[in-house]
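One line per chain: the protein sequences are A and B, in this order. For the record, in the first sequence the residue sitting at position 100 is 100 according to this note's numbering, with numbers rising by one throughout. For the record, in the second sequence the residue sitting at position 108 is 108 according to this note's numbering, with numbers rising by one throughout.
It cannot be assumed that every hint is accurate.
Listed next, the in silico DSSO-like pairs over lysine-lysine satisfying Cα-Cα at most 27 Å (straight line) [what the hints assert, rightly or not]: (1) Lys-113(A) x Lys-68(A); (2) Lys-71(A) x Lys-113(A); (3) Lys-71(A) x Lys-57(B); (4) Lys-68(A) x Lys-5(A); (5) Lys-5(A) x Lys-37(A); (6) Lys-37(A) x Lys-57(B); (7) Lys-5(A) x Lys-57(B); (8) Lys-68(A) x Lys-56(A); (9) Lys-37(A) x Lys-56(A).
Facing chain A, from chain B, some residues (calculated, C-beta under 8 Å) [to be verified]: (10) Gly-28; (11) Leu-43; (12) Glu-52; (13) Asn-56; (14) Phe-60; (15) Glu-82; (16) Ser-86; (17) Leu-88; (18) Leu-90; (19) Ser-94; (20) Thr-98; (21) Gly-103; (22) Gln-104; (23) Gly-105; (24) Arg-107; (25) Thr-109.
For the record, the hints were derived by calculation from the structure and aren't laboratory data. Beta carbons are placed, not taken as given, at the ideal position from N, Cα and C, and that holds for glycine.
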Amino acid sequence: DQQVKQNSPSLSVQEGRISILNCDYTNSMFDYFLWYKKYPAEGPTFLISISSIKDKNEDGRFTVFLNKSAKHLSLHIVPSQPGDSAVYFCAASPPSGNTGKLIFGQGTTLQVKP
Amino acid sequence: KAGVTQTPRYLIKTRGQQVTLSCSPISGHRSVSWYQQTPGQGLQFLFEYFSETQRNKGNFPGRFSGRQFSNSRSEMNVSTLELGDSALYLCASSLSNTEAFFGQGTRLTVV
C-alpha cells in the first residue's frame, strides 16, 4: 500500500517557465512533508518542507502548497532553470512527528530545457 | 559543518557474503536512518536509530540489521547477501523533528 504517491513519472518544462510537481498521500495523520531533489548515484538533497498546520511555505524559487482536505501537496519552481533537472521526491513524516522515518513517493523526473 | 558521510561509496560483494556499511551523521544529530533505493521500489525505509536504540523499523528481513554508537555513528549490516540486495543504501541524520539530511550513499552490487 503506497501511502505517498507521485503519479507523474516525468515532467518536461521550458527554462524560465513554472514547474509544478504533485504528490498525493493517503494518511491524514501525516504531520510534516518534505521535498527532496536527487541526482543519479547521489543522496537526496533537502529542498523545502511544510508542516501540516500550514498551507504554504516559500523559499526563494521554491514554494510548497499543502491541501489537507484533498491530501495533496505540490512543489512550484519559478522560474525553472536547467540545473533544476533531477528527480524530485516528496516525503511524509508519520504522526509521531519523527522525521527519522520518512515515507517517500516514487519520484518525478524533471527536465528543464534551455 | 560537515555533512553526512557514508563509507564506502562503492562495494562489490558475492552472494552469500555479508557486508557492513558505515554512516557518520552531522555533528549534533542523534537520529540516524537508513534507506534502500532500487529502481523498482524507490526509496524504502530500513530502520532508525536514536541514542543507540532502534526507534523505528521498516519491512525488511532480519538479514538487515544496524546499530548506533555513543558518538551517533551508525553501521548497517546485511548478511547472506542476495542478488536483490544490490541497491543504493542511503543514510540520513536529523534532529528530532526537523529535516533529514542524506549522505552520498553506498552503491552495493551483489554478484
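Review point. Hint by hint, which ones does the structure fall short of?
Key: Violated hints: 1, 2, 10, 12, 14, 15, 16 and 25; rest satisfied.
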